[in-house]
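S.K.: Start from the sequences, fold in the hints, and give me the full structure.
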Amino acid sequence: MLGLNRKDTTFFLIVIALTLFTPFLMQPFGETSPLAQFNGGYPDLMAKVAIFGIFAIGFNILFGLTGYLSFGHAAFLGVGSYAAVWMFKLLTLNVFPAVILAVIMSGLLALLIGWISLRRSGIYFSILTLAMAEMAYRLAYSVLTPLTNGETGLQVRPTDPRILDGPGAADYPNLFGLELSRSWRLEIGDHLFTFNVGYYFCAAFAILAFYISLRIFRSPFGLMLRAVKANQQRMNYTGLNPKPYTLAAFVISGMYAGLAGGLMAAMDPLAGAERMQWTVGGEVVIMTILGGAGTLMGPVLGAGTIKYLENIFSKINENVLHDWFSFLPDGLENAVVWILSRFTGEGWALTLGLVFMLVVAFLPGGLVEGGQRIARLLRRRGGKGEGGAGGGEETAHTSPSTPPAAE
Amino acid sequence: MTTSRFTRRGVLKTGAVAGAGVALPTIFTAGSASAFTNEPKGDTVTFGFNVPQSGPYADEGLDELRAQKLAVEHINGEGDGGMLNTFSSKALDGTGLLGKKVTYVTGDTQTKSDAARASAKSMIEKDGVIMINGGSSSGVAIAVQGLCQEAGIIFMAGLTHSNDTTGKDRKKHGFRHFFNAYMSGAALAPVLAKAYGTDRKAYHLTADYTWGWTQEESIKAATEAVGWQTVKTVRTPVGAGDFSSYLTPVLNSGADVLVLNHYGRDMINSITQAVQFGLRDKVVNGKQFEIVVPLYSELMAEGAGEAIKGVYGSMNWNWQLDNPGTKAFVKSFGEKYGRPPSNSAQTCYVQTLLYADAVARAGSFNPCAVIEALEDFDFDGMGNGPTFYRGADHQCFKDVLVMKGKENPTNQFDILEIVELTPRAQVEYAPDHPMFAGGTLGECNPGD
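As you go down the protein sequences, you meet chains A and B in turn.
For the record, in the first sequence the residue sitting at position 223 is 223 according to the working numbering, with numbers rising by one throughout.
Counting the second sequence from 1 gives a position; the working numbering is that position plus 1000.
Hints are computed from structural coordinates only; laboratory data are not their basis.
Heads up, a few of these hints could be off.
[As the list claims (entries may be wrong)] With a straight-line Cα cutoff of 30 Å, these simulated DSBU-like cross-link-like pairs (lysine-lysine) come out:
| id | chain 1 | residue 1 | chain 2 | residue 2 |
| --- | --- | --- | --- | --- |
| 1 | A | LYS89 | B | LYS1168 |
| 2 | B | LYS1101 | B | LYS1041 |
| 3 | B | LYS1327 | B | LYS1101 |
| 4 | B | LYS1331 | B | LYS1404 |
| 5 | B | LYS1287 | B | LYS1336 |
| 6 | B | LYS1327 | B | LYS1090 |
| 7 | B | LYS1069 | B | LYS1327 |
| 8 | B | LYS1041 | A | LYS315 |
| 9 | B | LYS1101 | A | LYS315 |
| 10 | B | LYS1309 | B | LYS1327 |
| 11 | A | LYS89 | B | LYS1172 |
| 12 | B | LYS1309 | B | LYS1220 |
| 13 | B | LYS1331 | B | LYS1406 |
| 14 | B | LYS1194 | B | LYS1287 |
| 15 | B | LYS1090 | B | LYS1331 |
| 16 | A | LYS243 | A | LYS229 |
| 17 | B | LYS1101 | B | LYS1336 |
| 18 | B | LYS1100 | A | LYS315 |
| 19 | B | LYS1336 | A | LYS315 |
| 20 | A | LYS315 | B | LYS1327 |
| 21 | B | LYS1172 | B | LYS1194 |
[As the list claims (entries may be wrong)] Just so you have them, the derived chain B footprint on chain A, three or more residues with Cβ under 8 Å:
| id | region |
| --- | --- |
| 22 | 43-56 |
| 23 | 150-157 |
| 24 | 216-223 |
| 25 | 357-370 |
Fair warning: this is a prediction, and the values are worked out from it, not measured in the lab.
Backbone N, C-alpha and C define an ideal beta-carbon position, used for all residues, glycine too.
M.R.: Okay, here's the thing in structure tokens:
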């Protein structure tokens, strides 16, 4: 189907199903259950997982396939957001023009930055991209204030021209009149599930992004990118010029980042310079490595894990911990809460660091490798079992023993 | 969610769920219709306190959080009741809010619009807050105010001093108790003219975002009205840390007053560095060189130490004021935290109580009813004297304090002295004043 072989088709269908049923999957606990704290099925988080999933999928096309480690992808995310908000301000609050311009603008910027940075490889490439992104951030933050509104952030105002919108048009980002913030709620017993237009809009793009990435992975172009990673010198000696391939991969991943930025602006029409900062560029690197660089499903898993940790663990403050451990004797309770509170609330990044360390040390292939190991274990036990994890199949082309480290 | 949203798409979704094999009784929407966003259903109601806990304004944010926690205690009838005893409205009786206990969640804005909005969004969607209070930084306040308008919950702004918050970015769902840059200028200029004369040349260093821009505009206009000249205005990035490269040109500019439109740690750094540069020991144009910090705060003064001695600025409120509301608040804050509250703490405390009081008076959590109760509300006993919440732009009007760094402080909290209590009439302006024009409140939005 769609130019995919049978195995990939199954895999793709599983991904579609997972995406469509996210409102259920991320909301496993009842509203009154003590575990409701761990529910993540609210629109903002679900959309963020989809958006950062797209961002990481795109990043993986560059980093996972060619091994070029860019720290500057936040710049494309930011440009995508600014382009989208400008479309909201000038043309219409319908999200399509915004998303399209976001992809085009970030593609152009990626072409420029890629053309310069790709003259070098390895650590020099990484540093060049980092410098470029930091420059873009500084520009957006102060120099280009008329374009970006600086620190305050670019926002949609009622006085904007919006020349395509008639007088009765919606006041918020919408899909031909259907507002992205609109949600439908479904209550089943104690459970509350939220279906949000914005999430499904992002999810549709995530599925498309995943499909394109799948096709690239399986294409001769993808093979060429892998050759760059495997041995660029040998490629040169055989008379192949790797530059057009790496540049194409760089621009494609930049456009993915721009799409993610545009979607971020569509979900919340404000673009701040902070999303161009190098920390955001570093976050996508961590997402990709955590999930499994060079695998198809890995980046999405990594994005989901990090966004979940960021949003859910940061909400577990000392009060919540005291509630949980109130059954312990006082002194012990305080000790336990003190230790755990270092890892939750504002300390959530420490939990992330720990998880990241463990994954890199023991599962160099990322979470996907973990899934594969479990699947293999199950298969060995249950004879020829089904293998459970949906992400277990896609790494046919990558050897799981290769660490995803940079060149 | 109302029954009118029982749409084709919704029905399809239900079908899909049934198809997925969830064989549980399906109660779809109608049974639990809520009239507005995050209508409290259980026996608690949740407030969201979204303050900077990191970044250049973190000190202010942490003090705001202390005050907000205190306000919740007082609404729930714990502690000594603080300003509830002196507040002119008696709708709150210390038994919670409309029979519900008040709880709260906190978030970190990081002093960044993006992060603040993300934090507010998850408060609204995940924690189901009915009101958000906080936002030390006008950029943040404006961003979150817009979000609250969209989502249909109330935003009780904390420390935000930009004219735009209730000017061109004013919103129906946003309310500001704090004073603004225009008021600072109107209060400060006459005092400065008296102290430093009317023939002065000012040089502005300005934090590069909405607050800095409007404060620079306001102070410039007010000081030029008393005869000062403005030599130059320079924008500096927020959180710059090192201001020396911005301070060197001041010396050669011919200016004899430096106006620092900075706040938080930025102001601590810039004034300390300016004093280290020896600016205040210089004599320019035959006059002593002076520094002015239009927006003061106790926490900044504490951080800047020696450097602020004799420096003029303005404030919304100060713990040394002599009125019953102030005394009650300082007492309960001091007993709990062992220090006097800052003016950002006071504004957040008052805003939380004002919201609760409006709910109690309206008898409903519905944002439209609450907005109506807050608009054109006259009150007293909250530490600022008689105060008016103007309905036309949701700005509070009250007296403004002109402060000066104390020459001989007796302890670490006794660092500022009140120079003048500028009467409300002197700082009032029309809602369509040019510095505030161009905004519309919009309509009240109860959400779903």
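S.K.: Of the hints stated earlier, which fail here?
M.R.: Failing hints, ascending: 5, 20, 21, 24 and 25.
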